[in-house]
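Make a model of the complete structure from these sequences and hints.
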Amino acid sequence: AQSVAQPEDQVNVAEGNPLTVKCTYSVSGNPYLFWYVQYPNRGLQFLLKYITGDNLVKGSYGFEAEFNKSQTSFHLKKPSALVSDSALYFCAVSAGNMLTFGGGTRLMVKP
Amino acid sequence: DVKVTQSSRYLVKRTGEKVFLECVQDMDHENMFWYRQDPGLGLRLIYFSYDVKMKEKGDIPEGYSVSREKKERFSLILESASTNQTSMYLCASSLLGLAGNEQFFGPGTRLTVL
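Residue numbers (our numbering), protein chains in the order written: chain A, 1 to 111; chain B, 1 to 114.
Hint data in this document are derived by calculation from the structure and do not stem from the laboratory.
Careful, some of the hints might be misleading.
Claimed, not checked - Cross-link-like lysine-lysine pairs, in silico, DSS-like; alpha carbons within 30 Å at most:
| hint | chain 1 | residue 1 | chain 2 | residue 2 |
| --- | --- | --- | --- | --- |
| 1 | B | Lys53 | B | Lys71 |
| 2 | B | Lys57 | A | Lys49 |
| 3 | A | Lys22 | A | Lys69 |
| 4 | B | Lys55 | A | Lys49 |
| 5 | B | Lys70 | B | Lys53 |
| 6 | B | Lys71 | A | Lys49 |
| 7 | B | Lys3 | A | Lys58 |
| 8 | A | Lys77 | B | Lys3 |
| 9 | B | Lys57 | B | Lys3 |
| 10 | A | Lys49 | B | Lys3 |
| 11 | B | Lys3 | B | Lys55 |
If you're wondering where the values come from, they're calculated on a predicted model, not measured in any experiment.
As structure tokens, then:
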């Protein structure tokens with residue numbers, strides 16, 4: 001069975017600073033990895049995914065994620081945080097047509 | 001754009017009531033999913049369906065059932081609501097096939113059971 005861990009419940013960063021939201025996974029076979037974002041009182045929005053190929057994946061709103069097979073990690077990054085990036089972020093791994101989600105990390109960007 | 005809609009944003013029910021949550025998607029997706037979201041637990045899959053009248057149990061199916069009579073519509077049913085089913089419920093859809101297909105989510109229904 002696959003699993004996802006997001007070790008930080010909350011990440012605090014100042015506006016303009018780089019941000020990292022961590023994710024590690026466990027899956028048998030090739031991993032298909034996703035990041036989603038949830039703004040207050042909204043559903044989840046897809047940010048980016050890794051299927052194969054380049055380990056650095058670029059997504060929406062200037063986010064990117066780095067796939068590291070040896071460390072079984074898929075950390076979400078952004079070079080310069082915005083206050084509007086404050087939200088709940090979920091990492092997920094796919095097996096077949098189903099997703100398994102991590103517990104979520106709340107990102108707080110302060111002006 | 002894919003659009004997934006859910007019948008209610010907020011719902012308040014009493015213990016023992018039968019509750020219906022409905023979800024509709026407009027992109028002809030084969031797969032549809034029901035999750036519940038609780039703080040610190042992320043999203044947990046209740047049921048999913050890959051075709052009309054087909055359903056598969058997810059991680060936490062107890063106390064829930066589902067119905068898919070039409071491709072675009074997937075209903076979640078709480079036969080006898082209990083207070084521990086107070087949660088945010090999210091519906092999603094995706095294309096059948098590759099494991100790399102992303103899911104598209106509705107806005108969620110926040111259910112409170114008193």
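Verification of the supplied hints:
no.	hint	result
1	B/Lys53 with B/Lys71	holds, 9 Å
2	B/Lys57 with A/Lys49	holds, 25 Å
3	A/Lys22 with A/Lys69	holds, 14 Å
4	B/Lys55 with A/Lys49	holds, 26 Å
5	B/Lys70 with B/Lys53	holds, 8 Å
6	B/Lys71 with A/Lys49	holds, 26 Å
7	B/Lys3 with A/Lys58	holds, 23 Å
8	A/Lys77 with B/Lys3	holds, 28 Å
9	B/Lys57 with B/Lys3	holds, 24 Å
10	A/Lys49 with B/Lys3	holds, 20 Å
11	B/Lys3 with B/Lys55	holds, 22 Å
Of the numbered hints listed earlier, not one is contradicted by the structure.
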